[in-house]
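Peer 1: Input sequences plus hints: build the corresponding full structure.
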Amino acid sequence: MWSRLPLPSACWRPAWPMRWGGSVYFDVAKYNKEHHYGKLSGRNIEELIANTRELEGQEEKRNAADFALWKKAQPEHLMRWPSPWGPGFPGWHLECTVMSTKYLGEQFDIHGGGMDLKFPHHECEIAQSVGDCGKEPAKYWLHTNMVTLNGQKMSKSLGNSILPSEFISGSHPLLDQAYSPMVLRFFMLQSHYASTLDISIEALQAAKRGYLKLMNGLRVLRNLDYQPQEGVSVNEKGAQQVAGLCDNCYRSMNDDFNTAQTIGHLFNLVKKINALQTGQLSTAELGEQTFTRMKETVLLFTEEVLGLREEAHLKPENLLDALLDLYRQAKEAKDYERVDQIRAHLRKSGVVVKDMKQGIDWAYEE
RNA sequence: GGUCUCGUGGCCGAGUGGCUAGGCAGAGCUCUGCAAAAGCUCGUACAGCGGUUCGAAUCCGCUCGAGACCUCCA
Numbered sequence: 001m002w003s004r005l006p007l008p009s010a011c012w013r014p015a016w017p018m019r020w021g022g023s024v025y026f027d028v029a030k031y032n033k034e035h036h037y038g039k040l041s042g043r044n045i046e047e048l049i050a051n052t053r054e055l056e057g058q059e060e061k062r063n064a065a066d067f068a069l070w071k072k073a074q075p076e077h078l079m080r081w082p083s084p085w086g087p088g089f090p091g092w093h094l095e096c097t098v099m100s101t102k103y104l105g106e107q108f109d110i111h112g113g114g115m116d117l118k119f120p121h122h123e124c125e126i127a128q129s130v131g132d133c134g135k136e137p138a139k140y141w142l143h144t145n146m147v148t149l150n151g152q153k154m155s156k157s158l159g160n161s162i163l164p165s166e167f168i169s170g171s172h173p174l175l176d177q178a179y180s181p182m183v184l185r186f187f188m189l190q191s192h193y194a195s196t197l198d199i200s201i202e203a204l205q206a207a208k209r210g211y212l213k214l215m216n217g218l219r220v221l222r223n224l225d226y227q228p229q230e231g232v233s234v235n236e237k238g239a240q241q242v243a244g245l246c247d248n249c250y251r252s253m254n255d256d257f258n259t260a261q262t263i264g265h266l267f268n269l270v271k272k273i274n275a276l277q278t279g280q281l282s283t284a285e286l287g288e289q290t291f292t293r294m295k296e297t298v299l300l301f302t303e304e305v306l307g308l309r310e311e312a313h314l315k316p317e318n319l320l321d322a323l324l325d326l327y328r329q330a331k332e333a334k335d336y337e338r339v340d341q342i343r344a345h346l347r348k349s350g351v352v353v354k355d356m357k358q359g360i361d362w363a364y365e366e
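Under this note's numbering, the first residue of the first sequence carries the number 1, and numbering increases by one thereafter.
It should be emphasised that the hints constitute simulated quantities derived from the structure, not laboratory data. One or more hints might be untrue.
[Stated by the list, open to error] Computed cross-link-like contacts, EDC-like style, restricted to lysine to aspartate or glutamate with a CA-CA straight-line distance of at most 20 Å:
#1 K271 <-> D256
#2 K208 <-> E166
#3 K295 <-> D247
#4 K237 <-> D247
#5 K354 <-> E365
#6 K102 <-> D116
#7 K156 <-> E166
#8 K354 <-> E337
#9 K331 <-> D321
#10 K118 <-> E136
#11 K357 <-> D325
#12 K39 <-> E166
#13 K208 <-> E95
#14 K118 <-> E95
#15 K357 <-> E311
#16 K237 <-> E288
#17 K348 <-> D361
#18 K156 <-> E136
#19 K213 <-> E311
#20 K33 <-> E136
#21 K271 <-> E303
#22 K139 <-> D256
#23 K39 <-> D116
Just so it is clear, the structure is predicted and the values come from calculations on it, not from any experiment.
Peer 2: Structural data, given as structure tokens:
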């Protein structure tokens with residue numbers, strides 16, 4: 001991969017790197033004379049150096065805050081590429097900088113990552129980019145907080161770490177069932193990205209039901225259309241309330257991606273949608289403009305902005321079994337009109353019913 | 001030890017000085033052949049102590065508790 005990327009020689013100006021043996025380090029102290037190393041995580045270099053302990057393998061650095069740009073490959077090292085300093089491999093921070101520069105340019109809009117990467121990794125990325133081209137790599141940094149499990153940090157040593165794939169399959173002793181990707185997404189969006197999120201069975205179950213409630217609302221909404229009614233005028237207060245909820249969706253997302261609050265507003269709108277379905281509220285009371293706006297807003301925020309979509313939960317086999325059961329009953333009752341009806345319905349899905357001596361089965365229509 | 005974050009009702013989780021967050025669970029009501037769904041109503045929460053203020057979950061201080069980073073590897 002590295003052979004296809006612009007290699008460091010083009011990337012580094014001689015201002016801050018310093019060479020040592022076959023490795024190259026970034027001189028943080030020197031950089032800090034002109035720029036603030038630590039601006040992202042609110043640190044200053046004096047404290048960093050004062051608080052650092054002596055560790056092995058750091059003899060090559062001028063001081064502990066320096067970081068490797070290019071590391072000399074030891075003979076047994078598998079990763080190795082040629083460079084002006086001999087065979088080696090890029091430092092961790094440089095990998096990211098070179099890749100993002102190649103694919104996103106010298107400066108891009110948003111750089112995400114867990115808050116554990118804020119220091120030192122992202123500070124180093126900033127220093128490298130500024131050192132190289134004078135620009136900070138990202139306009140905005142978006143740091144997500146950590147996830148805990150039953151109030152404890154997930155870690156391998158505690159034996160409480162669960163892989164994403166294990167959530168989805170449900171194959172983990174700490175899980176009571178499988179949780180689909182959309183349920184997990186909903187679960188995470190219910191908290192702010194910068195807050196810690198605690199995973200527990202109770203919380204996951206609650207999220208699953210909440211997600212299904214939202215999806216049911218969406219399904220109802222898709223089938224709703226504006227119906228004018230004679231003698232029914234727009235309820236201004238109610239319409240304003242709905243319009244306000246639509247505004248709030250935008251407002252909360254614009255407020256540092258407050259997805260939790262946005263979901264809250266969406267649920268308030270789902271209440272209105274359900275009331276419309278059961279006739280406790282009419283679209284005429286809402287007014288065409290407000291109704292249309294509500295429909296567009298809810299679909300936009302749920303599906304496009306939050307990325308929450310309906311997952312197919314229905315098992316076609318079960319539905320087919322149910323229909324064949326009705327078919328069998330109709331046949332026994334000699335209700336041939338109904339029998340033909342069921343056959344016609346199934347044929348629409350490419351399924352033909354097979355009446356055999358041994359019983360009833362089905363096949364794909366050929 | 002240093003720097004920083006957090007502690008909200010049974011559970012999860014928004015909210016940063018006065019205005020209903022929301023979801024799940026629970027109770028009651030309406031609707032209903034039964035059941036479900038849905039709607040309405042309810043619990044009056046902000047770790048503890050003290051302070052600032054007309055007023056604090058929200059600001060300040062202290063205490064207790066939880067967590068992150070401060071070093072390597074990625």
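Peer 1: Just to be careful, I want the Cα atoms of K237 and E288 compared with a cutoff of 20 Å; is the pair within it?
Peer 2: With a Cα-Cα distance of about 15 Å, the restraint between K237 and E288 holds, given a limit of 20 Å.
Peer 1: Is the hinted pair K237 and D247 satisfied, with a Cα-Cα distance of at most 20 Å?
Peer 2: Holds, because 15 Å separates the two Cα atoms, which is no more than 20 Å.
Peer 1: Starting from K102, check that the Cα of D116 is at most 20 Å away, please.
Peer 2: violated, 25 Å
Peer 1: Sort out whether E311 lies within 20 Å of K213, counting only the CA atoms.
Peer 2: holds, 13 Å
Peer 1: Would the pair K357 and D325 pass a check requiring their Cα atoms to be no farther apart than 20 Å?
Peer 2: holds, 16 Å
Peer 1: Holds or violated: K208 and E166, Cα atoms, limit 20 Å.
Peer 2: holds, 16 Å
Peer 1: Taken at face value, is the distance from the CA of E311 to the CA of K357 at most 20 Å?
Peer 2: violated, 39 Å
Peer 1: Given the hint that K118 pairs with E95, test it: the Cα-Cα distance must not exceed 20 Å.
Peer 2: holds, 16 Å
Peer 1: Holds or violated: K156 and E136, Cα atoms, limit 20 Å.
Peer 2: The hint is violated at about 35 Å.
Peer 1: Is K271 close enough to E303, meaning Cα to Cα at most 20 Å?
Peer 2: holds, 18 Å
Peer 1: Are K354 and E337 close enough, with their CA atoms no more than 20 Å apart?
Peer 2: Cα-Cα ~17 Å, so holds.
Peer 1: Are the Cα positions of K331 and D321 separated by 20 Å at most?
Peer 2: Since the Cα atoms of K331 and D321 sit roughly 15 Å apart, the hinted pair holds (cutoff 20 Å).
In the structure shown, a violation is registered for the earlier hints numbered 1, 6, 12, 13, 15, 18, in ascending order.
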